[in-house]
Structure formats: C-alpha cells, structure tokens
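Colleague: Chains as they are written, first to last, in the working numbering: chain A, 1 to 339; chain B, 340 to 569.
It should be emphasised that the hints constitute simulated quantities derived from the structure, not laboratory data.
Everything numeric in this text was worked out from a predicted model, so none of it was measured.
Where a beta carbon is used, it is the ideal one built from N, C-alpha and C, also for glycine.
Treat the hints with caution; some may be incorrect.
Stated by the list, open to error - Rough simulated footprint, nothing fancy, chain A against chain B, three-plus residues with beta-carbon under 8 Å:
| no. | segment |
| --- | --- |
| 1 | 384-393 |
| 2 | 396-405 |
| 3 | 410-424 |
| 4 | 434-446 |
Unchecked claim - In silico EDC-like cross-links for lysine to aspartate or glutamate, where the CA-CA straight-line distance does not exceed 20 Å:
| no. | chain 1 | residue 1 | chain 2 | residue 2 |
| --- | --- | --- | --- | --- |
| 5 | B | Lys-425 | A | Glu-252 |
| 6 | A | Lys-334 | B | Glu-456 |
| 7 | B | Lys-443 | A | Glu-170 |
| 8 | B | Lys-471 | A | Glu-170 |
| 9 | A | Lys-18 | B | Glu-387 |
| 10 | A | Lys-185 | B | Glu-421 |
| 11 | B | Lys-461 | A | Glu-188 |
| 12 | A | Lys-334 | B | Glu-426 |
| 13 | B | Lys-425 | B | Asp-402 |
| 14 | B | Lys-404 | A | Glu-188 |
| 15 | A | Lys-335 | B | Glu-426 |
| 16 | A | Lys-18 | B | Glu-527 |
| 17 | B | Lys-438 | A | Glu-188 |
| 18 | B | Lys-462 | A | Glu-188 |
| 19 | B | Lys-407 | A | Glu-59 |
| 20 | B | Lys-425 | A | Asp-310 |
| 21 | A | Lys-335 | B | Glu-527 |
| 22 | B | Lys-425 | B | Glu-456 |
| 23 | A | Lys-185 | B | Asp-402 |
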Amino acid sequence: MRILALVIRILRQFIHDKRTMALMIIAPILVLTMLSLVFNGEELKLKIGAVNVPNAMIERIEGNNVTVTKLEATEDVKREIKENDYDAILNFGRSENEIHLEGSDPTINKAIVERIRSSMGSEQTEANMAIQYVYGSSEMTTFDHFGPVLVGFFIFFFVFLIAGVSFLRERTQGTLLRLLASPIKRWELVLGYVIGFGLFTMIQSAIIALYSIYVIDLKMEGSFFYVLIITLMLALSALTLGILLSSFAKNELQMIQFIPLVVVPQLFFSGLFNLDTISDYLSWIGPLTPLYYGAEALRDVMIKGQGISDIWVDVVVLIGFSLLFIILNIIALKKHRRI
Amino acid sequence: MSITKRYGKATILDGIELSLQRGEIFGLLGPSGSGKTTLVKLLCGIEEATEGSVQVFEERMPDLKLMKRIGYMAQSDALYVELTAKENLEFFASISGVKRAECKERIQDVMKLVDLEQHLNKKVEAYSGGMKRRLSLAIALLHNPDILLLDEPTVGIDPALRQKIWDTFEELRKKGVLILVTTHVMDEADRCTRLGLIREGKLIAVGSPDQLKTNTQTTTIEQAFLTYGG
C-alpha cells in the first residue's frame with residue numbers, strides 16, 4: 001500500500017517533469033546515433049592459431065603484436081576459437097586455404113586478413129583462400145561491435161544520474177525526513193523507489209534498445225527479449241547504485257562528480273577497449289562493475305546470437321548487484337532513522 | 340520524557356524533563372539555535388536521545404505504531420513541488436495510513452481548514468511561501484493524529500488566517516489532541532495552554548502564560564522571557 005503510493009508518486013513526478021523524461025530517452029538515442037556516424041578503429045593485439053601452416057609463413061605473420069600458435073588439425077574450429085580465445089585460425093591442410101575468423105570485432109577481422117595477405121606474398125595467390133566467420137560477417141561495421149556496450153552504458157549512465165539526483169532531492173528538500181516521520185518502513189521506501197523507477201526504466205530501456213536495433217540498425221543476431229532483460233537488469237543495478245551513492249553526496253553537483261569516478265571507468269572495463277591490453281594492475285576492477293557483465297551479455301546476444309544458456313550467469317550477477325545495493329540502501333537509511 | 344541530546348561533542352539539549360498532557364497546546368519558545376527543532380524531532384521519532392528516553396502513550400519512541408498517531412510539520416516545507424497539492428496530499432495520506440474511502444473527504448476537510456480548497460489542483464511550484472506553509476499544515480492534519488508536532492507553523496501566514504488556524508488548534512485541543520508548537524511570535528504564545536522557555540538546550544521555565552508573567556512580575560511574555568534568560 002505504502003509502496004504503491006510511492007510508485008504512483010514517482011510516476012506522477014515523471015509525467016509532470018517532461019524534460020527529465022525526455023532526457024532519459026532522447027539523450028542516449030542522440031548520442032548513440034552520433035557515435036554510429038563518427039566511429040573509428042584502434043590498434044590491437046592479435047592471437048592466431050595455425051594448422052598445417054608452413055613455418056616460413058608463420059615467421060612472416062608473427063611479430064608486431066601478433067602471436068601465432070601451432071595447432072593440431074581440428075574439426076571443430078568454432079569450439080577451438082571459443083575455448084582458447086583465438087582471434088582467428090588458419091587451416092592450410094585442405095584443398096583450399098581457410099581462414100576462420102572469430103568475427104565479432106570488425107577491426108580485428110580486417111587486421112588479420114591484411115596481415116595474412118601481405119605475408120603470403122609471391123608464394124601463394126589469393127585466389128585459393130576462403131574466409132569464414134564464426135560470428136558476425138564481413139558486412140559488420142565497427143559500430144556493430146561497440147553498439148551493444150554503448151547501449152548498456154548509456155542506459156546505465158542516465159538511470160544512475162536521474163535516480164541518484166531524485167533521491168538526493170528527496171533529502172535536500174526535506175521530504176525524506178518528513179517521510180521518515182511517518183510510519184513507513186525503510187525497506188518500503190527503498191522498494192517503492194526501485195519499483196517506481198524500475199517501471200519507467202523498463203519503458204526507457206525498451207525504447208533505446210528498439211531504436212538501436214531497428215533504426216540505427218545495430219547487428220542483432222539473438223532474441224530481442226533477452227536484450228530487454230539484460231538492459232533492464234543493468235538499469236536496476238544503476239538505479240540502486242545511484243540511490244546508494246546519493247547518500248554520500250550533499251548536493252546535485254557532488255552527485256555529478258560521481259560520474260567520472262564511478263560510471264565512466266566502467267566503460268573501460270566493459271569491452272569497449274580490448275580487455276587483453278589492460279594492465280594487470282587494473283584488470284581486477286572489471287569483474288567488480290555491473291557494466292562488465294551487462295555489456296558481455298549484450299554482446300553475446302546481439303553479435304553472437306547466443307541465448308539464455310550463455311547469458312544467465314551475467315544476468316544473475318546483475319541481479320546480485322541490485323540486491324546488494326538494495327540491502328546497503330536500507331542500511332544507509334539508518335543514518336536518518338534507526339527503525 | 341527526560342532527555343539529553345548530543346551531536347558529537349555538542350550538547351544540543353541538556354537534561355530536559357517535560358511531561359505533556361492530551362488536550363493542551365504547549366508552546367515552545369526560544370531563540371533560534373536553542374534546540375527547539377531537535378526537541379520536536381526527538382518527539383516525532385526521527386532522532387533519538389543520547390541519554391534518557393521519550394515516552395508517548397506509555398511506549399518508548401521511536402515506534403512505528405506510535406508514529407501513525409503523530410502529525411508532524413517540519414520547519415522547512417517538505418513538499419514535492421512538481422506535483423499538484425492534491426497529489427501531495429494523496430501521497431502523504433496513503434503513507435500515513437488514511438483509508439482510501441476516507442481519503443477524498445479528509446483532503447477536502449483539511450484544505451478547507453487552511454483555506455486552500457480552490458488551489459487543490461495547482462502545482463506546488465506555483466504556490467507562495469505562505470500557501471506552502473498551509474499545505475504542510477494540511478498534510479500534518481490529514482490522518483487525524485492524536486498528537487500534533489508543529490515546527491513554526493505560522494511563519495509567512497497573514498494575521499487573519501493565523502487567527503483562523505489558531506481557532507482550529509483550539510478546536511482540536513478541545514477534542515483531546517495534544518499540540519506542541521514552536522514559535523517566535525509572542526501573541527501566539529499567549530494563546531498556548533502552557534509555555535516552555537528554552538535557551539541553549541536548557542528548559543529555563545515551564546508554566547501557563549499567566550503564571551510566567553506573575554512569577555516574573557511582568558506584563559508580557561516577551562519581558563518574562565527576557566527576565567528568565569537574563
């Protein structure tokens with residue numbers, strides 16, 4: 001009952017505050033559109049597996065950020081790539097010379113094909129080379145690779161900010177104290193907030209995901225339903241984290257200062273930049289951030305077309321983050337009222 | 340109650356002992372920073388005493404069941420300015436446990452009392468300071484509380500309406516409601532059943548307005564207050 005009252009009040013505030021509502025939906029769409037138009041590539045380390053490839057050629061391919069490992073002949077190239085994290089496997093044992101590309105990052109695809117072509121030189125002609133993609137295809141653009149991460153990031157960013165600021169305002173305008181002078185329980189207050197914002201976030205996530213896939217035309221191999229679940233879970237973790245951190249901020253400006261500290265670094269570990277190149281001193285941070293899991297799951301579904309069996313761990317971890325933040329929120333409210 | 344409240348090393352309230360009865364209007368008088376607001380917060384259960392305890396209806400505060408019977412109006416208007424007055428009232432009504440069936444009627448009643456019924460569907464952003472104060476008061480009255488804790492309820496309200504609001508307090512008092520008001524306005528102090536003079540966290544005098552005046556051989560509460568403080 002009291003939770004319902006909170007939910008209704010939050011939704012009414014949204015309806016009255018059209019600018020915030022527009023910001024949460026239009027801003028991510030605008031930025032995603034702009035990024036899709038201007039994106040550029042970057043340098044990478046490549047890991048290639050080789051089957052029946054002449055030593056002389058391996059030597060030519062190797063070096064300059066490329067490592068080549070010799071492999072036994074294998075039937076299941078896809079599994080080999082998935083398990084040992086190869087960017088590509090060369091198979092020269094057959095009538096045709098095959099290149100199997102992992103395929104989800106177009107920058108890597110292009111770099112590998114270039115490198116192999118230049119090392120072949122006079123020995124072999126290009127004609128008898130077949131390129132196959134394990135995931136993705138030659139039509140995939142760089143933005144298709146970054147898209148899922150950015151969709152996740154912008155949803156996270158805006159939900160974090162708006163939820164944090166509105167809970168902070170509840171405190172600065174005195175209504176939090178006024179609410180705590182009523183018989184409302186602390187968990188009712190937190191849950192009311194989570195559900196109220198959660199409902200709005202659901203609509204927001206759906207619109208952003210729909211726009212990214214059908215208007216920007218991001219690559220979409222898997223089910224839209226999974227994308228929705230992942231973005232919603234990611235948004236919930238942003239919502240609960242935003243509310244939690246707002247209790248450490250004295251005003252809106254301080255809340256905004258949390259963005260470069262808490263939100264932006266998550267982007268570095270979310271796979272937007274190649275994770276293999278991250279220094280060991282920092283690599284442990286990634287698994288502690290919600291966006292790491294959200295982005296991974298989104299890429300699995302949107303690029304690789306994987307289903308629930310591949311993403312459930314990520315989704316469960318995101319739910320875990322949200323639950324943890326909810327509990328911490330209920331504890332943090334003790335600062336204002338013990339019971 | 341008998342309480343001492345400290346924040347860190349600062350002692351805000353120092354050994355205050357006070358007992359309030361139903362059916363009285365108790366006025367809390369004192370300069371700003373003397374601890375009035377802290378005392379009110381202790382009574383409504385947001386704050387807790389460092390030493391001693393607050394007891395309401397024989398139960399120790401804070402207690403969620405008791406909080407249902409208390410109406411609290413904070414010193415700053417705690418309103419959602421982007422919502423209309425009606426939406427604010429509906430929200431606080433369900434939070435304070437007003438039954439859905441009675442909700443509409445209660446909202447009409449309290450808004451009539453504070454003379455705002457024609458502004459019910461206006462957004463609170465468009466309200467003046469005095470109107471916000473009155474809406475806060477309406478919210479405190481919404482769930483028919485047995486105890487009303489009002490922190491400077493009449494600041495920014497014009498004299499005519501202030502009279503009307505005090506008439507309401509008087510009516511509620513007769514029904515057995517305990518009202519505690521903090522105030523700066525001396526002519527309001529004269530309308531209280533009893534007064535407590537507070538200074539630097541200490542209760543320096545308690546008594547009816549007439550008693551206080553007689554004790555100090557003065558003719559106004561203002562002079563009485565100065566005599567006690569002097």
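Colleague: Would you mind marking each hint as holding or not holding in the structure?
Modeller: Quick rundown of the hints versus the structure:
no.: 1; hint: 384-393; in the structure: holds (count 3)
no.: 2; hint: 396-405; in the structure: holds (count 4)
no.: 3; hint: 410-424; in the structure: holds (count 10)
no.: 4; hint: 434-446; in the structure: holds (count 3)
no.: 5; hint: Lys-425(B) with Glu-252(A); in the structure: 27 Å, violated
no.: 6; hint: Lys-334(A) with Glu-456(B); in the structure: 37 Å, violated
no.: 7; hint: Lys-443(B) with Glu-170(A); in the structure: 25 Å, violated
no.: 8; hint: Lys-471(B) with Glu-170(A); in the structure: 17 Å, holds
no.: 9; hint: Lys-18(A) with Glu-387(B); in the structure: 40 Å, violated
no.: 10; hint: Lys-185(A) with Glu-421(B); in the structure: 24 Å, violated
no.: 11; hint: Lys-461(B) with Glu-188(A); in the structure: 29 Å, violated
no.: 12; hint: Lys-334(A) with Glu-426(B); in the structure: 28 Å, violated
no.: 13; hint: Lys-425(B) with Asp-402(B); in the structure: 28 Å, violated
no.: 14; hint: Lys-404(B) with Glu-188(A); in the structure: 15 Å, holds
no.: 15; hint: Lys-335(A) with Glu-426(B); in the structure: 28 Å, violated
no.: 16; hint: Lys-18(A) with Glu-527(B); in the structure: 43 Å, violated
no.: 17; hint: Lys-438(B) with Glu-188(A); in the structure: 18 Å, holds
no.: 18; hint: Lys-462(B) with Glu-188(A); in the structure: 26 Å, violated
no.: 19; hint: Lys-407(B) with Glu-59(A); in the structure: 80 Å, violated
no.: 20; hint: Lys-425(B) with Asp-310(A); in the structure: 49 Å, violated
no.: 21; hint: Lys-335(A) with Glu-527(B); in the structure: 35 Å, violated
no.: 22; hint: Lys-425(B) with Glu-456(B); in the structure: 10 Å, holds
no.: 23; hint: Lys-185(A) with Asp-402(B); in the structure: 11 Å, holds
Of the numbered hints listed earlier, those contradicted by the structure are 5, 6, 7, 9, 10, 11, 12, 13, 15, 16, 18, 19, 20, 21.
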